[in-house]
Amino acid sequence: MMSSSSVSDAKSVKLISENAPAVSFLSRFLHWEWLLVGLIFIVVIVNTQLTPYFLDANNLSRTSSDFMEIGLMMLPMVFIIITGNIDLSVASNMGMSASFMGLLHNMGVNIWVAALAALLLGTLGGVLNGYLISKVKLPALVVTLGTYAFYRGLAYVFLGDQAARGYPEAFTYFGQGKILGTLIPFSVALFLFMAVIFGLVLHRTTFGRYLFSIGNNENATNYSGIPVAKIKFIIYMLSGFMASSAGLILAARFGSTRPDNGTGLELAVITAAVLGGVDINGGKGSMVGAALSLLLIGLMRFGMGLLNIQGQVQGIAIGLLLIFSILIPSLVRSISKAGKNINWRSIMFTLIFLVIFVLFFIFFFWSRAAVIASV
Amino acid sequence: MQNSTSATPPVRFSLSNLLWTLVRYREAGISIFILLLVFVVTLRAPSFLTADNFNDILLNISILTIVALAQTMVIITHGIDLSVSSMIGLVAMMVAFVFKQNPEMPVIFAVLLGMALGSVLGMFNGLIITRGNVPPIIATLGTLSIYRGLVFFYSQGTWINSFELPKSFKMLSKGTPLGLPNMVIIAIFVALVVYYFLNHTRTGRDIYAVGTNPDAAPFAGIRKERIIFLVYVLSGLLAGLAAVLWASRFESAQTNTGSGFELQTVAASVVGGVSISGGVGTVPGVLLGALLLGIIQNSLTLIRISPFWQLAAQGLLILIAVISDKWILNRVERTNK
Chain B
1 MMSSSSVSDA KSVKLISENA PAVSFLSRFL HWEWLLVGLI FIVVIVNTQL
51 TPYFLDANNL SRTSSDFMEI GLMMLPMVFI IITGNIDLSV ASNMGMSASF
101 MGLLHNMGVN IWVAALAALL LGTLGGVLNG YLISKVKLPA LVVTLGTYAF
151 YRGLAYVFLG DQAARGYPEA FTYFGQGKIL GTLIPFSVAL FLFMAVIFGL
201 VLHRTTFGRY LFSIGNNENA TNYSGIPVAK IKFIIYMLSG FMASSAGLIL
251 AARFGSTRPD NGTGLELAVI TAAVLGGVDI NGGKGSMVGA ALSLLLIGLM
301 RFGMGLLNIQ GQVQGIAIGL LLIFSILIPS LVRSISKAGK NINWRSIMFT
351 LIFLVIFVLF FIFFFWSRAA VIASV
Chain P
1 MQNSTSATPP VRFSLSNLLW TLVRYREAGI SIFILLLVFV VTLRAPSFLT
51 ADNFNDILLN ISILTIVALA QTMVIITHGI DLSVSSMIGL VAMMVAFVFK
101 QNPEMPVIFA VLLGMALGSV LGMFNGLIIT RGNVPPIIAT LGTLSIYRGL
151 VFFYSQGTWI NSFELPKSFK MLSKGTPLGL PNMVIIAIFV ALVVYYFLNH
201 TRTGRDIYAV GTNPDAAPFA GIRKERIIFL VYVLSGLLAG LAAVLWASRF
251 ESAQTNTGSG FELQTVAASV VGGVSISGGV GTVPGVLLGA LLLGIIQNSL
301 TLIRISPFWQ LAAQGLLILI AVISDKWILN RVERTNK
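Chains as they are written, first to last, in our numbering: chain B, 1 to 375; chain P, 1 to 337.
Incorrect hints may appear among the rest.
Label pairs and their calculated CB-CB ranges [to be verified]:
1) B:PRO227 with P:ASN256: 38 to 46 Å
2) P:ILE34 with B:ALA370: 46 to 54 Å
3) B:PRO227 with P:ARG304: 43 to 51 Å
4) B:ILE184 with P:VAL193: 54 to 62 Å
5) P:THR201 with B:ARG345: 23 to 31 Å
6) P:ASN256 with B:LYS137: 33 to 41 Å
In silico SDA-like pairs for lysine to any residue, Cα to Cα no more than 25 Å straight-line [said to hold, decoys possible]:
7) B:LYS137 with P:GLY29
8) P:LYS100 with P:SER162
9) P:LYS100 with B:GLY166
10) P:LYS224 with B:PHE353
11) P:LYS326 with B:LEU141
12) B:LYS137 with P:ARG331
13) B:LYS135 with P:ASP325
14) P:LYS170 with B:ILE372
15) P:LYS167 with B:ARG368
16) B:LYS135 with P:HIS78
17) P:LYS224 with B:ASP279
18) B:LYS137 with P:PRO214
19) B:LYS230 with P:SER162
20) P:LYS174 with P:MET123
21) P:LYS100 with B:VAL313
22) B:LYS337 with P:ARG131
23) B:LYS284 with B:LEU359
24) B:LYS137 with P:TRP327
25) B:LYS337 with P:PHE229
26) P:LYS174 with P:LEU59
27) B:LYS135 with P:ILE328
28) B:LYS178 with B:GLY166
Derived coverage of chain B by chain P (criterion: at least 3 residues anywhere in the stretch with Cβ under 8 Å from a Cβ of chain P; other residues may be distant) [claimed, not checked]:
29) 150-159
30) 308-314
No wet-lab data here; the hints were simulated from the structure. Ideal placement from N, C-alpha and C gives every residue a C-beta, glycine not left out.
Model the full assembly from the supplied sequences, consistent with the hints where possible.
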């Protein structure tokens, strides 16, 4: 690396693609990803025991397409989180694009023209995020929080309390259709195709290495002559484009569009990425892990749905999974660091908090019992 | 952004310098913006500038103010609490359930119960953030969906409606024994306490210190983890208080009570000049931020702009606030050179 300035660009590109990713990619794969695979096996086994409908090919095929919007938005989100940034506006952007297409469709515009216009608008949404973050240098959290409200607001402005419906069958194929002769939904095939491309870009190209580099030390990356601002701009633009694609897929799957479509999905997207081992502080993560965690979340939700657990209550399991996926490794680290010294003070505090939480839940169940019994 | 409070004012006297010194103080900037807005709206809808309408605005922003102040303390430590909306939903539901069964209970008990329950929820946030080293945004994103899930689990999807709540409970927020509605008085009281706490107590100053430089704070003898834990407990406590007021004001507890409210609290803070990178923020600024949001919401209705524009306007306002902040900061840095 010392002589990197004297090495020609072409050669350094070659060096990077031959050496670095292969090693780090594989070594990371040996940790987090296998844990996810293990969890997926457990979920599958438990669910097959609980209900006979779990391993039904038709069910699996239908349910898999429910998660593809999240998946499509997750791919650029992995890029963004790896650079240490975040995009809270994806679900709103998705709603805005879908609503814009719905509006144009209601006005009688050809569906393909409307879809293209929606893609353009979504990409523009990403461009605005990217411009404010990379050029104006505002914190990503605030910018995307602002556009989170702004884009969702525009969705309501476009459609108000109306819904757009009556899309032609050629269009709904994108959300409901299956690849000819198989049970694989088109959206799943699209996601897999995009996931491979995004994965290759992340782990096999210099652009991907730059993302990790920005996440590890943005200033140093900037001083190394890597166009940090441009890269950030590109990934936010990409995120806008993928969000609007997800919006189109969602509209095609539902066969209609409402301005509140996909509210709150940004949390699911971030959960999927973080559970996949992408470090929220940037610099770490793999596309394989993210894809596996999407599969895990999908299977868990599907299984809980078959057991008649409400969608909101399923959120408890997903939320706990998200927190524990970070909590447990860091607790293990701090316990092994503490070694043999028993810290009585911290044990006492732990006990006090445990008592408080137990009391809380006793009250929780006691106070609801009478009312629930009367309903 | 930290510079804006510590930088010395430029020495040269001129009109533009005077203007810039004024604009640099966030409170002055928003005040001017609010006055302009009031002026424009009054031209279009004279009923805007009446005592009744002002009373309405104050009622509407009381809850927002309380939670935004809690959010501010969290953001000053360079954290964020996205779970406030779900804490409000859960606490409102639990308190409403208790009062449905025991209508005779004194109302002050509702307030205390709400704050206690909220504190426990905040404690859970604080513990996983400080002891578990989970980044605040992830931790509270997780509890956002956990607490919301608990609301559904708790009530089995049922609601508490107005007729199921005792009158005393409903009057808790709306009664006017002191001239103004109780809720407004509570909000003013909370603002005064938080103002005193942040500016005149040691723990309050420690909150700024932790946010300004998290690495240096421990060397100054500040127990960083304890401070961070504290702000999340306070956030839960104030969210619990807000939840009781919410249930009392809207005379119901629904499974989606407070959904999406976290955004508004962050918006009020950020518009009020609280820096998301920590260490910067004042109580008057947040009050003005909440007031601005309230006025916009109120005036959009008065000048008959479709309510569907409201969310978009709010989002745009956050963007304008942060962009102008950055712009002013750049300008100030240039004049100071």
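Results of checking the hints against the structure:
Separation of PRO227 (chain B) from ASN256 (chain P) is about 44 Å and conforms to the stated range, judged on CB atoms against 38 to 46 Å. Look at ILE34 (chain P) against ALA370 (chain B): about 48 Å separates their beta carbons, and that is inside 46 to 54 Å. Under the hint 43 to 51 Å, the C-beta atoms of PRO227 (chain B) and ARG304 (chain P), about 48 Å apart, fit the expected range. For the pair ILE184 (chain B) and VAL193 (chain P), the supplied restraint of 54 to 62 Å holds, since their beta-carbon distance comes to about 60 Å.
For THR201 (chain P) and ARG345 (chain B), the hinted distance range of 23 to 31 Å is satisfied, since their beta carbons lie about 25 Å from each other. Our hint of 33 to 41 Å for ASN256 (chain P) and LYS137 (chain B) holds, since their Cβ atoms are close to 37 Å apart. Simply put, LYS137 (chain B) and GLY29 (chain P) have alpha-carbon atoms about 21 Å apart, close enough for the 25 Å limit, and the pair holds. Between LYS100 (chain P) and SER162 (chain P) the alpha-carbon distance is near 10 Å, which keeps this suggested pair within the 25 Å criterion.
For the proposed pair LYS100 (chain P) and GLY166 (chain B), the alpha carbon gap of about 46 Å is over 25 Å, so the pair is violated. Between the alpha carbons of LYS224 (chain P) and PHE353 (chain B) the distance comes to roughly 19 Å, so the proposed pair stays at or under 25 Å and holds. The hinted pair formed by LYS326 (chain P) and LEU141 (chain B) meets the criterion: a straight-line CA distance of about 15 Å does not exceed 25 Å. Of the supplied pair hints, the one linking LYS137 (chain B) and ARG331 (chain P) holds, its CA atoms being roughly 15 Å apart against a limit of 25 Å.
Of the supplied pair hints, the one linking LYS135 (chain B) and ASP325 (chain P) holds, its CA atoms being roughly 15 Å apart against a limit of 25 Å. Of the pairs offered as hints, the one joining LYS170 (chain P) and ILE372 (chain B) holds, with about 23 Å between alpha carbons and a cut-off of 25 Å not exceeded. Distance restraint check for LYS167 (chain P) and ARG368 (chain B): the Cα-Cα separation of roughly 21 Å lies within the 25 Å cut-off, and the hinted pair is therefore satisfied. Distance check on the hinted pair: LYS135 (chain B) and HIS78 (chain P) sit about 23 Å apart at the alpha-carbon level, within 25 Å; holds.
The hinted pair formed by LYS224 (chain P) and ASP279 (chain B) meets the criterion: a straight-line CA distance of about 23 Å does not exceed 25 Å. Restraint check for LYS137 (chain B) and PRO214 (chain P): satisfied, since their Cα atoms lie roughly 22 Å apart, inside the 25 Å limit. Distance restraint check for LYS230 (chain B) and SER162 (chain P): the Cα-Cα separation of roughly 55 Å exceeds the 25 Å cut-off, and the hinted pair is therefore not satisfied. Annotation: proposed proximity of LYS174 (chain P) to MET123 (chain P) is violated, straight-line Cα distance about 30 Å (limit 25 Å).
Note on LYS100 (chain P) and VAL313 (chain B): the hinted pairing holds, with a Cα-Cα distance of about 23 Å set against a maximum of 25 Å. Simply put, LYS337 (chain B) and ARG131 (chain P) have alpha-carbon atoms about 14 Å apart, close enough for the 25 Å limit, and the pair holds. The hinted pair formed by LYS284 (chain B) and LEU359 (chain B) fails the criterion: a straight-line CA distance of about 39 Å is larger than 25 Å. The suggested pairing of LYS137 (chain B) with TRP327 (chain P) holds, with an alpha-carbon distance near 11 Å, which does not exceed 25 Å.
For the hint pairing LYS337 (chain B) with PHE229 (chain P), the CA-to-CA distance comes to about 22 Å; that is within 25 Å, so the pair holds. With a C-alpha separation of about 9 Å, the suggested pairing of LYS174 (chain P) with LEU59 (chain P) holds against the 25 Å cut-off. Taking the CA atoms of LYS135 (chain B) and ILE328 (chain P), the gap is about 16 Å. The hint holds against a cut of 25 Å. Restraint check for LYS178 (chain B) and GLY166 (chain B): satisfied, since their Cα atoms lie roughly 20 Å apart, inside the 25 Å limit.
Only when three residues or more bring their CB closer than 8 Å to a CB of chain P does the claim for the stretch 150-159 of chain B stand; here the count is 7, and the claim holds. Residues of the stretch 308-314 of chain B with a Cβ under 8 Å from some Cβ of chain P number 4, which satisfies the need for three, so the listed coverage holds.
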